Amino acid sequence: MRLSHGFVRGETLSCIYHGWRFGADGACRKIPAHPALVPPRTISCGPLPVAECNGTVWAAAKRPDHEPVAYDGYMALRSVVIAASCAAVETACQGARAHGASKTRLGGHDTLLVMNGYAPNAVLVIVLVAETMPVAGRLAISTALEALRRTVETWGRAA
Amino acid sequence: MILYDYILSPSCYKVRLLASLLGAPLDLRPVDFHPGREHKAAELLALNPAGSIPILVDGDLVLTESAAILAYLAAQKGGYWLAGDAPAAIARHQQWLDFSHRLTQALGGARLVEMLHFEGDLAALQTRGVAALRELEAALFVQRLGGQSYLIRDTPSIADIACFPYVALAPDGSIPLDPYPSIRIWMRAIRALPGFIEMPGIHRRHDLAPDPFAEVPS
Amino acid sequence: MTSHAMRDAWYPVGLLSGLSEGGKDSLLLGENITVFGSATGAPSVECSGRTLPVVRRFGHLWTSLGTPDKDLFTIPEADHPERVRVDVGVVRVKCSPLRAVENFLDIAHFPFVHTDILGAESHPEVSEYKVEIRDEVDEVWATKVEFFQPQAARSAGGGITTEYMYRVPAPTCAVLYKTCPPRPGAWDVIALFVQPLTEDLCDVWPWMALFDDESALTDLIHFQQLIFLQDRSILENQIPKRLPLDPAKETPTRADLTSVAYRRWLKRHNFTYGAQLVAG
Ligand SMILES: N[C@@H](CCC(=O)N[C@@H](CS)C(=O)NCC(=O)O)C(=O)O
Ligand SMILES: [Fe+2]
Numbered sequence: 001m002r003l004s005h006g007f008v009r010g011e012t013l014s015c016i017y018h019g020w021r022f023g024a025d026g027a028c029r030k031i032p033a034h035p036a037l038v039p040p041r042t043i044s045c046g047p048l049p050v051a052e053c054n055g056t057v058w059a060a061a062k063r064p065d066h067e068p069v070a071y072d073g074y075m076a077l078r079s080v081v082i083a084a085s086c087a088a089v090e091t092a093c094q095g096a097r098a099h100g101a102s103k104t105r106l107g108g109h110d111t112l113l114v115m116n117g118y119a120p121n122a123v124l125v126i127v128l129v130a131e132t133m134p135v136a137g138r139l140a141i142s143t144a145l146e147a148l149r150r151t152v153e154t155w156g157r158a159a
Numbered sequence: 160m161i162l163y164d165y166i167l168s169p170s171c172y173k174v175r176l177l178a179s180l181l182g183a184p185l186d187l188r189p190v191d192f193h194p195g196r197e198h199k200a201a202e203l204l205a206l207n208p209a210g211s212i213p214i215l216v217d218g219d220l221v222l223t224e225s226a227a228i229l230a231y232l233a234a235q236k237g238g239y240w241l242a243g244d245a246p247a248a249i250a251r252h253q254q255w256l257d258f259s260h261r262l263t264q265a266l267g268g269a270r271l272v273e274m275l276h277f278e279g280d281l282a283a284l285q286t287r288g289v290a291a292l293r294e295l296e297a298a299l300f301v302q303r304l305g306g307q308s309y310l311i312r313d314t315p316s317i318a319d320i321a322c323f324p325y326v327a328l329a330p331d332g333s334i335p336l337d338p339y340p341s342i343r344i345w346m347r348a349i350r351a352l353p354g355f356i357e358m359p360g361i362h363r364r365h366d367l368a369p370d371p372f373a374e375v376p377s
Numbered sequence: 378m379t380s381h382a383m384r385d386a387w388y389p390v391g392l393l394s395g396l397s398e399g400g401k402d403s404l405l406l407g408e409n410i411t412v413f414g415s416a417t418g419a420p421s422v423e424c425s426g427r428t429l430p431v432v433r434r435f436g437h438l439w440t441s442l443g444t445p446d447k448d449l450f451t452i453p454e455a456d457h458p459e460r461v462r463v464d465v466g467v468v469r470v471k472c473s474p475l476r477a478v479e480n481f482l483d484i485a486h487f488p489f490v491h492t493d494i495l496g497a498e499s500h501p502e503v504s505e506y507k508v509e510i511r512d513e514v515d516e517v518w519a520t521k522v523e524f525f526q527p528q529a530a531r532s533a534g535g536g537i538t539t540e541y542m543y544r545v546p547a548p549t550c551a552v553l554y555k556t557c558p559p560r561p562g563a564w565d566v567i568a569l570f571v572q573p574l575t576e577d578l579c580d581v582w583p584w585m586a587l588f589d590d591e592s593a594l595t596d597l598i599h600f601q602q603l604i605f606l607q608d609r610s611i612l613e614n615q616i617p618k619r620l621p622l623d624p625a626k627e628t629p630t631r632a633d634l635t636s637v638a639y640r641r642w643l644k645r646h647n648f649t650y651g652a653q654l655v656a657g
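Residue numbers (the numbering used here), protein chains in the order written: chain D, 1 to 159; chain V, 160 to 377; chain X, 378 to 657.
In isolation and in its complexed conformation, chain D is listed as follows (with noise of 0.2 Å):
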């Protein structure tokens, strides 16, 4: 079962099928249906390393030997899901590689993006904007992001 259907109480995750409850570290702590039982360490969700940077969750298959590249200054506005390749996302972006991340103008701003290819016609897209950007700014850039998307999934129509 999907733990993201699942809630957080106190520290641990509870699954919404049996209410299992998992730990940060993974392991089992609690099955109610044996309240007594102390749960084998055998039991766990296997957990994905994970850290958290500008305001985004980055998580990996392994622990890499190095921290997610921060990016000085910036600030994650939001995500969207663009139905395309990471490849058509960046060349509608035109946007200079930095460190993982794509340098590109939205709204007359400077934003990054990084972008997670989690499907082959799927981009989960997060807009990282200046700290200090205002709302209208921030407004102005949304609406960029949406433009963008429109753009690149006509391509993948006309294609």
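Each hint can be trusted.
The calculated DSS-like cross-link candidates involving lysine-lysine, where the alpha carbons are at most 25 Å apart (straight line), are:
(1) X/K644 x X/K471
(2) D/K62 x X/K626
(3) X/K507 x X/K521
(4) X/K401 x V/K199
(5) X/K618 x X/K471
(6) X/K401 x X/K471
Hints in this document: simulated from the structure, not taken from any laboratory. In this text, all values refer to a predicted model and were calculated from it rather than measured experimentally.
Using the hints provided, position chains V and X with the ligands relative to the given structure of chain D.
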């Protein structure tokens, strides 16, 4: 007040949900929508020739269309859930109530095809459903930039209740909600409102109930 | 492709009360079938020009792609004249047909999925029960299953400890017998008949035979639809999609002994359509 109701109908659930949030009692009259198609039979067609539910009967008053029923319940309870007097708020409120029909048609249509064998062009319904969800996501993002948690202000209105059920049940029609963080934050806020009730496919917030194993080590 | 053993089993393909004379297209084990009603009461099923065997039982039409080596199972208790027999109607679920059955055999999820109806978070404990594969009838049985339920049935007035018996008489069918609130000593019968469309898509036809003189039929249908639709979103989010039959793949607890026996029984008979044999 009698509500002609179906437990799996998101439109009927809107009415049950608002009534519960308002603390307004309803007499439920279950309609055998599936498999019986009772909403298309003589007794119900006499009440609502459109052949849809919910239908609310209060004395001599017969109301159809969930948005109208929500407005009636809200007005009876002091209007806190209505738009207020500001022209812009009245208009934006109406805009989201109209938008809710697109959700019913697209997301609700996909759900009926995928779940209950209704006829329909699934791919087309899903495409329109995704377009509507993106529009809602963008609007809720803008609201949050302005420090507001709900569709027209920082407190909920019947526009939120009119949009919530079909959005929350989009996965029933194979439309995932993972791509929409602002929608998920908004749904969590609605599910935390005092008096919130669930329907099948929409879980309650178990995390808000007292922990039966308070001693679980972290 | 389709494993031979499951081709010879019976499957539900429609409600007898809902068949159409013009025919309705459907799937069975990945093959196209058409289900025809008939004004003269002789419904039929066709598959690529072939007429398939049919049986009318429990309010449903049943068919098989192969040559069933035994008659469709019976539920003798269900014939009692004072019972109400309830056709709940079809629900399509994007999950393995075997997972739909396994979920039906599980009580440990009640407090979390059917909260304050079939279970309560304050009473999650599953006590020891008995499970066996009855060789003489070739069925999986679980008995002496007890669970605290805030609202065990439409007819229940309040919380009670319910006793259950579970039975798997066919690879995609399960029957449960549970305490009947208005009739101490009698059992309500609730069945889940699953039509395997593909390995990860099924049509589920719940059916019931209850003692309940009080509730309207629509209330009974809605109670069961409410419960089953709470399960649907769970079933569609299970990973892996196919039911793992490799015992090393998952860690069962005592509460899961019925599932363990069901998986073992499936494996023994090579009932593997919708199953995953090797861990992947
Ligand atoms: N516009 C109506 C639509 C409600 C609706 O779609 N109800 C469904 C049940 S969820 C229904 O009765 N459908 C039958 C039909 O429209 O023919 C409302 O908001 O009340
Ligand atoms: Fe369940």
